[in-house]
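Asker: Using my numbering, read the sequence shown as starting at 1 and increasing by one per residue.
Since the hints were derived computationally from the structure, they do not count as laboratory data.
The beta-carbon is built from N, C-alpha and C at its ideal position, and this holds for glycine as well.
A couple of the hints might just be wrong.
Quick list of simulated restraints, FRET-style, between CB atoms [claimed, not checked]:
1) Leu384 <-> Pro329: 17 to 27 Å
2) Lys164 <-> Glu357: 24 to 34 Å
3) Ala247 <-> Thr305: 45 to 55 Å
4) Gly380 <-> Lys283: 39 to 49 Å
Below, a list of computed lysine to aspartate or glutamate pairs in the EDC-like style, where the Cα atoms sit at most 16 Å apart [unchecked claim]:
5) Lys69 <-> Asp154
6) Lys481 <-> Glu374
7) Lys293 <-> Glu473
8) Lys250 <-> Asp214
9) Lys319 <-> Glu359
10) Lys279 <-> Glu233
11) Lys426 <-> Asp458
12) Lys142 <-> Glu439
13) Lys250 <-> Glu187
14) Lys144 <-> Asp154
15) Lys481 <-> Glu402
16) Lys250 <-> Asp277
17) Lys426 <-> Asp455
18) Lys481 <-> Asp502
19) Lys164 <-> Asp134
20) Lys250 <-> Glu233
21) Lys545 <-> Glu527
22) Lys537 <-> Asp492
23) Lys317 <-> Glu359
24) Lys230 <-> Asp154
25) Lys537 <-> Glu393
26) Lys164 <-> Asp15
27) Lys279 <-> Glu222
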Amino acid sequence: MQEYIRNFSIIAHIDHGKSTLADRLIQECGAVTQREMVSQIMDTMDIEKERGITIKAQSVRLEYTYNAKTYILNLIDTPGHVDFSYEVSRSLSSCEGALLVVDASQGVEAQTIANVYIALDNNLEIIPVINKIDLPAADAPKVKDEIESTIGLDCTNALEVSAKSGVGIRELLESIITRIPPPSGDENAPTKALIYDSWFDNYLGALALVRLKDGNLCVGQEILIMSSGKRYEVLGLYYPHPVQKIATQKIACGEIGIVSLGLKSLTELAVGDTITDSKQPTKEPIEGFKPAKPFVFAGLYPIQTDRFEDLRDALNKLKLNDSALQFEPETSIALGFGFRVGFLGLLHMEVVKERLEREFDLQLIATAPTVIYEVYGTDGSLTLVQNPSQLPEVQKIASIKEPYVRAHIITPSEYLGNIITLLSNKRGVQEKMEYLTPERVMLEYALPSNEIVMDFYDKLKSCTKGYASFDYEPIEYREGKLVKLDVRVAGDVVDALSIIVDTSKAYEKGRALVEAMKELIPRQLFEVAIQASIGNKIIARETIKSMGKNVTAKCYGGDITRKRKLLEKQKEGKKRMKAIGKVELPQEAFLAVLKVD
1 MQEYIRNFSI IAHIDHGKST LADRLIQECG AVTQREMVSQ IMDTMDIEKE
51 RGITIKAQSV RLEYTYNAKT YILNLIDTPG HVDFSYEVSR SLSSCEGALL
101 VVDASQGVEA QTIANVYIAL DNNLEIIPVI NKIDLPAADA PKVKDEIEST
151 IGLDCTNALE VSAKSGVGIR ELLESIITRI PPPSGDENAP TKALIYDSWF
201 DNYLGALALV RLKDGNLCVG QEILIMSSGK RYEVLGLYYP HPVQKIATQK
251 IACGEIGIVS LGLKSLTELA VGDTITDSKQ PTKEPIEGFK PAKPFVFAGL
301 YPIQTDRFED LRDALNKLKL NDSALQFEPE TSIALGFGFR VGFLGLLHME
351 VVKERLEREF DLQLIATAPT VIYEVYGTDG SLTLVQNPSQ LPEVQKIASI
401 KEPYVRAHII TPSEYLGNII TLLSNKRGVQ EKMEYLTPER VMLEYALPSN
451 EIVMDFYDKL KSCTKGYASF DYEPIEYREG KLVKLDVRVA GDVVDALSII
501 VDTSKAYEKG RALVEAMKEL IPRQLFEVAI QASIGNKIIA RETIKSMGKN
551 VTAKCYGGDI TRKRKLLEKQ KEGKKRMKAI GKVELPQEAF LAVLKVD
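Turn these sequences into a full structure, and let the hints guide you.
Answerer: Here it is as structure tokens:
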């Protein structure tokens, strides 16, 4: 049975045609009828289809007849974005082969390289596929040379296809069968299955998508989840299918399948965990398991403050489908009650916020995203800080360490100057620079995470007209000269606007923030001072003039002292109002922090 199974994945940079290629393979194998077929059939969320990105890895079991023998092809789709690289690594460890899809008009990009290295670490058979050969700008020979020089893969047998028109798809399927090895594994050994994805189904509860490395899984079998040591009975087994799951009594060694244990939450079914038989457990779990760790933190607050409980329910429901999501309640003087939420990255944050607003009809304010800092106190203590308001007083801090990432950027050489300027502004340290071709350069930089969580990606795209590609991986913590920058409105610190910045940038950032706030806060009946401060030291100030009322309009004729008396009375009133007046901050004010340069 195992010699007729092929488990493979598709790896590509965003927008190189991965989902379209999956559609063509599904169609060619006849897995869905013409009536059931829709474009991007494996992308189940509306956001995925609108943005053209894969957020949730999907799998599908296909059957294809070659040389009068029927082969089972398990296509394991992977997300392309850097935020989900852990899911990519678990998906690739479930395969024996991978299709490396590269756009014939754009060539090798940063994420292509990152994902290929994960595939090479897992010793996968990689088949280079040049997609979009029907485009006028396509240059397949040049792209093959680029793959050979950049990644070192032999491209003599690279396949040229057009996923849109279906050219070369049959040859690709035959290559998958002839070039990708069948799964190895001992069907008589104790059950050993890798969970490489999990999600929540309204009817069946939490489901795990598994790859059987050894042994078999049967309905009614009692299994053990190795990281938690908990035992459950297998209630149902299914084969993944694009339209509906196919029920089965047994998943054999080397196969891909869905396991239903009747669980109500995903916490037990962590991606990367190992399932084994409870009576005859395997000795060693599958290596490489690590719980998903948030990389970026931001506060989420409902605009209507009475909808705090609705936000809590929405986050709990979303966590059923997204085990990487972490949150805890927090309060802000300016914004009321909300949650501090941990995300895998900026795209993950954007997607979660959009899903909360769409699926649960909420209106939310997100505070500026931050990362985790290591703060060493003068008493030798170590505190992990993810919210600027948790930072101790300046005199109690000995040093602050911030997380760094290694960034890989591939860009046309004409934009090299723009990118180096941007990276040096973001406190980047160059580690490597090499020309892949005379027209394309790869840069490797160490960058503080703090600098990329705001607007780095947008700036990179705008300074290269959208041609640069970017990928990063966390590396270590390094000491930095960091301070907390507060914004005071009418003398009160607005905690939701506080940010942690590098000392060298504190003045210009404070200056830009108060100028932006001056434009956004509406004029009041009294004068409002907006200040940026570090501790008690004010470093920038703007004043919003009060709305004037011409109190002397009704006073005509007579002595000047009559007018003076009215103006003095108005001044007294404004002073009293300033003492008790409250300034309402509009929602745009909180977004200003994200947009300030």
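Asker: If a hint holds in the structure, say so; if it does not, say that too.
Answerer: We went through each hint and held it up to the structure:
1. Leu384 <-> Pro329: 17 to 27 Å: This hint holds: roughly 18 Å between Cβ atoms.
2. Lys164 <-> Glu357: 24 to 34 Å: Given a distance of about 33 Å, which is inside 24 to 34 Å, the answer is holds.
3. Ala247 <-> Thr305: 45 to 55 Å: At roughly 47 Å between Cβ atoms, Thr305 and Ala247 fall inside 45 to 55 Å, so the hint holds.
4. Gly380 <-> Lys283: 39 to 49 Å: 42 Å, holds
5. Lys69 <-> Asp154: 29 Å, violated
6. Lys481 <-> Glu374: 12 Å, holds
7. Lys293 <-> Glu473: The hint holds at about 13 Å.
8. Lys250 <-> Asp214: 13 Å, holds
9. Lys319 <-> Glu359: 13 Å, holds
10. Lys279 <-> Glu233: 12 Å, holds
11. Lys426 <-> Asp458: It holds: about 13 Å lies between the C-alpha atoms, which stays within 16 Å.
12. Lys142 <-> Glu439: 12 Å, holds
13. Lys250 <-> Glu187: Judged against 16 Å, a Cα distance of about 12 Å means the pair holds.
14. Lys144 <-> Asp154: Since the Cα atoms of Lys144 and Asp154 sit roughly 9 Å apart, the hinted pair holds (cutoff 16 Å).
15. Lys481 <-> Glu402: Status holds; Cα separation ~9 Å.
16. Lys250 <-> Asp277: 14 Å, holds
17. Lys426 <-> Asp455: 11 Å, holds
18. Lys481 <-> Asp502: Judged against 16 Å, a Cα distance of about 6 Å means the pair holds.
19. Lys164 <-> Asp134: Cα-Cα ~9 Å, so holds.
20. Lys250 <-> Glu233: Given pair Lys250, Glu233 holds - Cα atoms ~14 Å apart, limit 16 Å.
21. Lys545 <-> Glu527: 5 Å, holds
22. Lys537 <-> Asp492: Measuring from Cα to Cα gives roughly 14 Å; hence the hint holds.
23. Lys317 <-> Glu359: Given that 16 Å is the threshold and the Cα spacing comes to 10 Å, the pair holds.
24. Lys230 <-> Asp154: 46 Å, violated
25. Lys537 <-> Glu393: 13 Å, holds
26. Lys164 <-> Asp15: Judged against 16 Å, a Cα distance of about 13 Å means the pair holds.
27. Lys279 <-> Glu222: Given pair Lys279, Glu222 holds - Cα atoms ~8 Å apart, limit 16 Å.
Hints 5, 24 from the earlier list are contradicted by this structure; the remaining hints agree with it.
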